[in-house]
Amino acid sequence: MRNDTAKWPAPAVGPRGQVQAQGITLDQITLPRQVLISGPRDAAMALAGTTQATGWPDVAMGDHYALSLRRDRILMVGGQIDSFGWRADVGLATSDIGTGYTVFSLQGPRAEKVLRTGTELSEKIPSASCLRLWNGYDILLYRHTATDRYLLHVGSALAEGLWDMLNRQIRMVSA
Amino acid sequence: MTARRIHIATAGSKRLAFTFDGQPLQGVAGDTIASALLGVGVRIVGRSFKYHRPRGVWGGWTDDPNAIFDVSLAGVTKPNVQGTATLLEDGMIVRSVNSWPTARFDVKAGLDLLSPFLPAGFYYKMFKWPDWHLFEPAIRKMAGLGRVGPDVADGPDGLQIHDQCDVLVVGGGPAGLSAARAAAHAGQDVVLVDDHPDVGGSLRDNPCQIDGTAPAVWITPQTDAIKAAGGRIMARTTAFGIYDHSLISLHQTAPFATHPKLIRMRAGRVILATGAIDRPVVFGNNDLPGVMSLRGAAAYLHRHDVLTGTDITLLASAQDVAHFGPMFERAGAQVRVLPLETEGLRAVGRGKVRALSYGTNRHHADAVLCSAGLSPLVHLWCHAGGQLEWDAGRGAFLPGAGPDHLSIVGGARGANDLDQSIDDGHKAATGQTPAPLPSIAPLPTTPKPSRARQWIDLQNDVTTKDVALAAQENFASVEHLKRYTTLGMATDQGKTSNVNGLTALAVQLGKPIADVGTTRFRPPYVPVPLQLYRGARSSTQIAPLQRSVLEPQIRALGGAMAEYGGWLRPAWYGDDMTTAIAQECAQARNDVAMLDASSLGKIEVMGPDAAGFLNFVYYNSIANLPAGKIRYGFMLTERGIIYDDGVMARLDENHFVVSCSSSHVSGVTALLEAWRQDGHDPDRVFVHNVTQAWATVTVTGPKARDVVAALDLGIDLQAEAFAHMSLRLGTYDGMPVRVCRVSFTGELSFEISIARDSAPNLWDHVHQLGATPIGMEATSILRAEKGYIIIGKDTDGETMPQDLGLIGPRDRKTQPYVGNRGLQTPVAKATGRQQLVGLAVPEGATQLPTGAHLTAAGKSIGYVTSSYLSPTLGHPIALGLVQDGLSRLNADLTVYHLGENRSARIVPACWYDPKGDRLNA
Chain A
1 MRNDTAKWPA PAVGPRGQVQ AQGITLDQIT LPRQVLISGP RDAAMALAGT
51 TQATGWPDVA MGDHYALSLR RDRILMVGGQ IDSFGWRADV GLATSDIGTG
101 YTVFSLQGPR AEKVLRTGTE LSEKIPSASC LRLWNGYDIL LYRHTATDRY
151 LLHVGSALAE GLWDMLNRQI RMVSA
Chain B
1 MTARRIHIAT AGSKRLAFTF DGQPLQGVAG DTIASALLGV GVRIVGRSFK
51 YHRPRGVWGG WTDDPNAIFD VSLAGVTKPN VQGTATLLED GMIVRSVNSW
101 PTARFDVKAG LDLLSPFLPA GFYYKMFKWP DWHLFEPAIR KMAGLGRVGP
151 DVADGPDGLQ IHDQCDVLVV GGGPAGLSAA RAAAHAGQDV VLVDDHPDVG
201 GSLRDNPCQI DGTAPAVWIT PQTDAIKAAG GRIMARTTAF GIYDHSLISL
251 HQTAPFATHP KLIRMRAGRV ILATGAIDRP VVFGNNDLPG VMSLRGAAAY
301 LHRHDVLTGT DITLLASAQD VAHFGPMFER AGAQVRVLPL ETEGLRAVGR
351 GKVRALSYGT NRHHADAVLC SAGLSPLVHL WCHAGGQLEW DAGRGAFLPG
401 AGPDHLSIVG GARGANDLDQ SIDDGHKAAT GQTPAPLPSI APLPTTPKPS
451 RARQWIDLQN DVTTKDVALA AQENFASVEH LKRYTTLGMA TDQGKTSNVN
501 GLTALAVQLG KPIADVGTTR FRPPYVPVPL QLYRGARSST QIAPLQRSVL
551 EPQIRALGGA MAEYGGWLRP AWYGDDMTTA IAQECAQARN DVAMLDASSL
601 GKIEVMGPDA AGFLNFVYYN SIANLPAGKI RYGFMLTERG IIYDDGVMAR
651 LDENHFVVSC SSSHVSGVTA LLEAWRQDGH DPDRVFVHNV TQAWATVTVT
701 GPKARDVVAA LDLGIDLQAE AFAHMSLRLG TYDGMPVRVC RVSFTGELSF
751 EISIARDSAP NLWDHVHQLG ATPIGMEATS ILRAEKGYII IGKDTDGETM
801 PQDLGLIGPR DRKTQPYVGN RGLQTPVAKA TGRQQLVGLA VPEGATQLPT
851 GAHLTAAGKS IGYVTSSYLS PTLGHPIALG LVQDGLSRLN ADLTVYHLGE
901 NRSARIVPAC WYDPKGDRLN A
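If you read the sequences in order, they're chains A and B. Numbering-wise (full-length UniProt numbering), the first sequence opens with residue 1 and increments by one. Numbering-wise (full-length UniProt numbering), the second sequence opens with residue 1 and increments by one.
Don't read these hints as lab results, they were simulated from the structure. Careful: at least some of the hints might be erroneous.
Claimed, not checked - Here are some chain B residues pointing at chain A (derived, C-beta under 8 Å):
hint, residue
1, Thr-258
2, Leu-545
3, Glu-563
4, Leu-651
5, Asn-654
To be verified - Output of the computed footprint for chain B on chain A, the stretches with three or more beta carbons under 8 Å from beta carbons of chain B:
hint, stretch
6, 10-16
7, 57-64
8, 76-89
9, 95-105
10, 122-135
11, 151-159
12, 164-174
Beta carbons: idealized from backbone N, C-alpha and C, even for Gly.
With the hints as extra help, turn the sequences into a complete structure.
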């Protein structure tokens, strides 16, 4: 049995520091709440208290919005839901994700180029879902507040890897 | 060969210092490595693959098979760099390949004297006896071109970018420029790529009047028009492969020591304007340095002011002679002409060409510039599935039928006329049918008999005799010829050797070339750095592991981290592995231990059909599981093979949590989603993978209840109120917790799951209460003592539930479930299946090797799946899969491993607390 401790740098404790490069700013951010809601889309939107589920290349606004993951599933960001599990009254399944997704913000005029290192990205190619594979990582990718501000949600167990990959790509794009 | 730089245009150019095989040299800005070497009169740039024959520069760009180098600059080394297509940079260290100490004085050059004994395929025949592996290390050491150093794996990462366009034009010559301009003018999003530093293609290699003006005057308005219409022009960018769905791989070269760049271009349409290259003329000793491509030499003259000889012989068609001859004369060379059909022609010289001899004639020559016609560059066309058709007049394979999204124009289509190329490009871009190609008379290019060796593949030392030998030994298929002789392999990929090889084979077989066919071209079209493929996936990004929120705590306690099931987890705690693992086992058996179980799956299944759904997906009955209870179960494949095991906890009537094994979370989630939408109402059952939202701290050991009680979770922990295989909900520090009484160690255990962010506090608290952390190695021993399996370790791709002794559901479950049909097949019910058992060794014997064969009557009947020295029991224990093992209890077996035989006895798999008193405590 091998001790590989040294091979894997210790993970960050607490939020990671901001990374800046020419035309690119990378941050880790904290969102107020993330809740998975599955079931008929209209009912899910009503429960989430939103009117639109963000896909690509939509721009989500504010602190309370919904992300479209698949035909019958959204991720509510912000908002207020207190009971989880099967909601028989509305025929919806809900799960509190808490910090199960770590969220990074990539912003700036060259942010899109960083993203294009890992996925085909074009405003001409819309998608009803935010789910993407970026450089091998399963992420949710969408624009928030501005057309050059991108939020990436990744399963927190792989946040360390995604952060490292983002930094590698930023270095190369900026070289 | 007395190549030299004619300094008319380069007097003011910046000088670049470099070394070649240790010799300090100078080039000028804009040089390629090859032009710099030619410019200072270097004749021998490398050695051939097999016979170590001296090799000089053949071509002017990527068609050159000889000028291959290992190049270092600024601490970055790249092997097998094409010197003809790599720009020289100040400080480059250039090393020839396949030679030592230098290309000029190579100690292995004597191998050429043995060439009569080393024909094609000799190694297939010579090194068979007594064992190929005896010779393999030496042959591998001798074979290959450049040296692969650690830089290839650890050097600069490759930048990979995705891009899109409406029309991609490959090649910036006259046809490509015309196509790009027309497409851009039509409002298309156009990208034009060319592998040279500037566009213009053959117009820059071979200047001629176009529309009554000089080429440079014509090129600039084209590029200006393309850019003005929104088109993009990418220079130094090579399209090296076309793949499905119109994906084209582009390699954009940058300064040598920087990140290589891959562009994955998705194009609506692709127009190939890749041009054509000279086909070598096959004659005696045609591999001598100084024998060069005619158009290559013209490119060196016009792009780099390098004249490749002062006494030049042209060996080409009358049309080429008329066109190119005056160019070299104007540059100061004496030019002679020989017709292609010259009988008995051979080059004379050692290390360089000095003369040409034919019949009784002999004349001096320091450069022989050849062209037996033009070979269209159709590699990319073939990558995309385009067909080829033999054109006898042009002596070339021309593009035939191809994919709709692909067009091919200009020289690549066989159009060798400038006006026609420009017209081709325009018509392709505007959707018009190209004008038919005029038929032309064939050139006399069939090799004439010669006593001297006639070379077809300069890189791999393939001669006409090798082709004849292959045909004689019935390697008559062109694909077999390639593999037997290595014709067209390595970096050449048939660019220069393909047609001449096929011609020689056709002569041997007495068939037309069209019937001989051609080999299939595959990406990459040119050599590309390996970093281009791996991108940024080096070191920890090769297979990034999942990381627990508790990792900082675990590291602080001395956890030795290692990979388990795609997660970075502690193997043990402390410095000494053996001592630590034994102590951790003892702690769990005798006191109280804790472990991070956050990686275990937590998949919520919800909805009115959730119970029926899980009952269908799992082997064990789930429908009758009461709320608050937990049940162990197998997920099977449709063949009945065990895919995963785990426990299902029922929170309420419509809400379950599936805890699968750590490495199968994604797989189990995907299968649940798939089955949910197949045969079930997807509006009545939903699946949420919330594994990463929760972290789990497991407290285990006879004193576990005391520790958990001190956490004040608001749960009655007494055995009567909270039995084994039950779940209770509570709170810790105001946060909801789910507590499961399940045990992987065989001891009283509580798995406490809590929101991820709150887990570090819980972990620290449990530790402060006296629980000792244990790693995965101790956990593996504890579970093996109980006979608990790890899927994929104690099971394999054939193991079914009955092989583990779990036959109840198969025989009694009445509702349908995944795998049921597989379990009823004759294979599933046959005797002789491998079944899980324990394996005991004689007293005093050492631990069995994992993977060792279990044999009976000299035949393997199974193998050891898990083996440990049990600190609890004080002797080795093992688990294994053995044919009919469950009915062979107490039988003795022979254990075979690496030539050694030992003995073992089949015993029950459970070694410890078989009645389960401890985990039920």
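* Asked: Three or more residues of the stretch 10-16 of chain A near chain B by CB distance under 8 Å?
  -> Since 3 is at least three, the answer is holds.
* Minimum Cβ distance from B/Asn-654 to chain A below 8 Å? -> Since the shortest Cβ distance to chain A is 4 Å, the answer is holds.
* Asked: If you look at each residue in the stretch 57-64 of chain A, do at least three have a Cβ nearer than 8 Å to any Cβ of chain B?
  -> n = 0 at 8 Å, threshold three: violated.
* chain A contact restraint for B/Thr-258 - C-beta distance below 8 Å -> 6 Å, holds
* Restraint outcome when B/Leu-545 is required to lie within 8 Å of chain A by C-beta distance -> 7 Å, holds
* Using 8 Å as the Cβ threshold, decide whether B/Leu-651 counts as touching chain A. => With a closest approach of 7 Å, the B/Leu-651 hint holds.
* Asked: With a Cβ-Cβ cutoff of 8 Å, does the stretch 151-159 of chain A contain at least three residues near chain B?
  -> With 5 residues close enough to chain B, the hint holds.
* Asked: According to a criterion of three or more residues whose C-beta lies within less than 8 Å of a C-beta of chain B, is the stretch 95-105 of chain A covered?
  -> With 7 residues in contact (Cβ-Cβ under 8 Å with chain B), the coverage given for the stretch 95-105 of chain A holds.
* For the hint on B/Glu-563, does the least C-beta distance to chain A fall short of 8 Å? -> 7 Å, holds
* **Coverage criterion applied to the stretch 76-89 of chain A (partner chain B; beta-carbon cut 8 Å; 3 residues)** => holds (count 3)
* **Assertion that chain B covers the stretch 122-135 of chain A - criterion: three or more residues, beta-carbon distance below 8 Å** => holds (count 4)
* With a Cβ-Cβ cutoff of 8 Å, does the stretch 164-174 of chain A contain at least three residues near chain B? -> holds (count 6)
Checked against the numbered hints listed earlier, the structure breaks hint 7 alone; every other hint is satisfied.
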